[in-house]
Amino acid sequence: MPYIHDRYDALVIGGGIAGMQAALDLGEQGFDVLLVEKGPSIGGVMVGLNKVFPTLDCSSCICTPRMAESAHHPRIRLQTYTEVQAVRRDGAGFAVELLKKPRYLDETACIGCGECELACPIEVPHEFDYGLGARRAIYIPHGNAIPQKAVLSVEDCVFCGKCEKVCPADCMDFTQLPERVTTMVGAVIVATGLEITPMDAKPHYGRGLIPNVMSPLAMERIQSSNGPYGRVLRPADGKVPRSIAYVQCAGSRDRSIGIPYCSRVCCMYALKQALLLRHYIHDVEVTLYYMDIRAFGKGYEQFYRRALAEGVKVVKGKVGRITELENYDLSLRVELLDEDQRLVERRHELVVLSQGLIPAWHPSAILGIEEADDHFIKAPDLKVAPSVTTVAGTFAAGVAAGPKDIPDAIVEAGDAAMAAANYLAAMGWNGTAARVPVPA
Amino acid sequence: MEYRVNLALPAELNRFEEAGLNIAKCFNCGTCTAMCSLTEGERSFPRRMIRYAQLGLEERLLESAEPWLCYYCGECSKTCPREAQPGELMMALRRWLTTKYDFTGLSRRLYLSHAWEAGLLAGVALLVLALFLLPGWLGVPFGFAAITPEAAEHVRLDLFAPRHVIHIADWVLAAFLLVFLGVNAIRMIYYVRRGHRDRQTRLSDWLGQAHQLIVHGVTQKHWRGCEKEERRRWLFHVLLVSGYATMFLLVVVFLGSFQRDDADFHWTALFGYYATATLMGVTLAFMRDRVKKRAEISKYSHVTDWMFLVLLFLTSLSGILLHLARLLDLPWPTYVLYVVHLMIAVPMLVVEVPFGKWLHLVFRPVSEYLTAVAHASESRGVQKATVRVVPATQRP
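In order, the protein sequence lines correspond to chains W and C.
According to our numbering, the first sequence is numbered sequentially starting from 1.
According to our numbering, the second sequence is numbered sequentially starting from 441.
Keep in mind that the hints were calculated from the coordinates and are not lab data.
All values derive from a computational prediction rather than experimental measurement.
Keep in mind that the hints are not guaranteed to be accurate.
[To be verified] Partner residues are not named here, just some residues of chain C that face chain W (Cβ under 8 Å, in silico):
| # | residue |
| --- | --- |
| 1 | Cys469 |
| 2 | Glu480 |
| 3 | Arg488 |
Ideal Cβ placement from N, Cα and C applies to all residues, glycine included.
Turn these sequences into a full structure, and let the hints steer you where they fit.
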């Protein structure tokens with residue numbers, strides 16, 4: 001479909017699990033949805049995860065069917081590699097201005113064979129593996145990417161032309177330019193998701209410069225069967241780590257870095273990763289340094305007990321400093337609150353910082369909706385209408401509205417879809433029957 | 441061992457920090473302790489101190505030497521996830537402990553009341569003035585009454601304030617200070633030992649570590665264990681101590697050569713110049729830090745912190761002006777400056793040293809000494825008994 005219609009019932013911004021769920025819920029009700037994703041593939045953070053707590057289901061096994069459904073749904077128009085530039089109130093709906101970024105190839109002609117990728121001589125760190133693996137300058141985002149279309153990173157490309165020579169569909173086009181597309185929508189759902197706290201947020205945790213001090217998302221990739229190493233190794237020297245530490249609240253509940261709230265998922269993902277590490281590496285020692293274990297959801301407390309039973313150690317005390325030792329091991333300075341309040345230096349071979357969640361996008365300038373004090377989208381009527389924002393017709397779902405786990409994000413996406421449907425019905429939005437395609 | 445819970449303790453401690461403490465915010469994560477590069481093993485702080493304060497365990501605080509082991513680099517306050525300012529609590533604790541070690545109760549009044557502080561300083565200053573004015577009415581040739589026509593022409597300090605008289609007064613003053621500093625130190629040792637009754641020490645530990653008193657008193661060497669940026673403040677402080685000690689020795693021991701009677705230059709002046717330069721330079725630098733709120737420690741200034749710096753600066757200033765007046769052979773300015781100099785220096789020594797911030801010059805080395813003694817006894821493998829804390833409500 002080389003076009004976008006001039007009119008949709010709803011715009012969903014963000015193609016992660018919350019955005020896909022909201023789009024599908026609206027589509028199933030008969031609304032026409034424009035689903036916009038800024039990256040080259042939908043799936044969000046979830047498609048890169050290894051397994052999900054507390055069921056230990058394979059994350060992509062749950063995520064990829066949603067991705068395929070969103071991409072092939074007759075009522076959903078999926079627009080990847082596109083950014084929302086402006087949303088303005090226009091009569092009953094919103095005028096939306098999109099910026100379609102160039103993939104430097106004909107997206108409809110690309111068959112996703114990957115020949116270009118194999119021919120490309122340039123290797124750069126892969127964003128999908130949080131810099132641990134490599135990708136080419138032209139690449140298909142990852143094995144589960146939807147759409148399975150190549151994208152050329154023009155910053156990395158040396159214009160050698162090898163991809164163009166090997167492309168069997170002859171779809172390369174180095175002359176593409178960013179395109180502006182405008183359309184009308186009746187309602188907007190913001191599901192722009194999360195970033196994790198920057199690795200250099202706390203100066204005493206190595207400023208992100210110590211290779212064996214990892215982000216939790218990088219650890220997800222390392223644990224994944226389609227991860228960069230194919231097994232659990234530590235990045236600095238490729239050694240199998242025998243002793244792994246998790247530093248809880250490394251990027252949340254900390255006013256000194258401006259993130260005073262609890263990110264709600266870190267305890268559980270750390271316990272999950274720790275438990276799986278016990279499965280993946282024989283006799284590995286995994287220790288969580290924590291302030292409180294917040295295992296609040298359905299089945300979570302049981303999961304915590306299971307992790308303890310399977311040998312995950314928990315130590316009460318927040319880590320103050322992490323120092324790299326000569327053989328890439330790490331020394332953690334911590335007060336053992338439950339053990340005579342002793343101050344000790346503990347040695348570990350790999351450290352994962354349990355970073356918190358921060359909003360990935362600040363939509364206030366574009367959508368005019370307000371942010372709360374924690375910089376997530378404000379819900380003025382949080383108890384009874386959690387997905388309703390301060391601008392009528394604009395709704396929020398997933399981590400964009402506040403830190404939450406996958407089940408909560410899905411529930412909230414359903415709520416946002418329902419609220420948007422009610423809103424469209426109440427205002428008498430006159431549907432999309434008479435719409436015409438806009439060339440794009 | 442049982443402890444009484446004092447529910448009013450947080451409010452009480454709050455009175456020792458003018459900007460107010462934030463310890464109620466603390467959720468006891470232990471970041472401050474882990475950040476502190478001076479804390480070690482079971483002598484962990486500041487979090488444990490905050491916990492005692494939150495729980496109202498007044499006696500446990502009284503029995504802790506830890507507040508004096510902290511040199512306030514401020515790293516704990518900078519990194520505190522709750523902005524509870526542990527560093528400032530440690531500072532307030534040092535003030536509070538000073539009032540607790542002091543048996544006269546004067547120190548508490550000085551810390552909590554500006555009127556008492558100003559009144560006492562002014563009172564002693566007037567007393568000094570009276571000492572130079574009153575003898576004349578009684579017919580004793582001392583002070584302004586001793587200014588003969590000759591002494592009005594040329595500087596004759598030996599007539600105005602005879603060396604041997606002033607020297608005796610110096611010794612009295614030194615003895616006064618020694619008594620109060622000594623008693624305070626002994627009370628501190630008593631409290632800290634009371635808290636660690638279970639830890640057996642031997643006389644050999646106490647004697648073997650006695651040199652620590654001198655080492656830490658002179659060098660404050662553990663301060664160098666703080667963050668790197670602290671080196672500047674440590675160096676300045678050592679200079680200040682050296683200047684102060686030099687001046688103290690000149691006045692108390694070598695007054696016979698230091699107080700000159702003529703416009704001649706004497707070698708003791710060289711030491712005087714060194715002391716004056718360091719005292720004035722360092723107090724100015726520290727005052728600048730406090731005005732600019734440069735480091736964590738300089739952000740919250742108690743009146744006593746200012747008094748400490750200002751009095752020291754003014755003492756040095758009046759001292760060097762007195763020296764110049766004498767060298768220029770200006771009799772009246774010399775005599776007036778002599779009295780002014782003493783009106784600043786004596787109140788500082790009589791009020792601030794035994795009852796104020798100056799006391800840290802004893803408490804810091806003593807706390808380091810106690811810690812070294814404990815280390816020595818622990819290295820012999822003495823087992824520590826467990827301490828049980830019982831809330832007041834559960835007491836029989």
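Self-check item: Hint check, failures only
Solution: none
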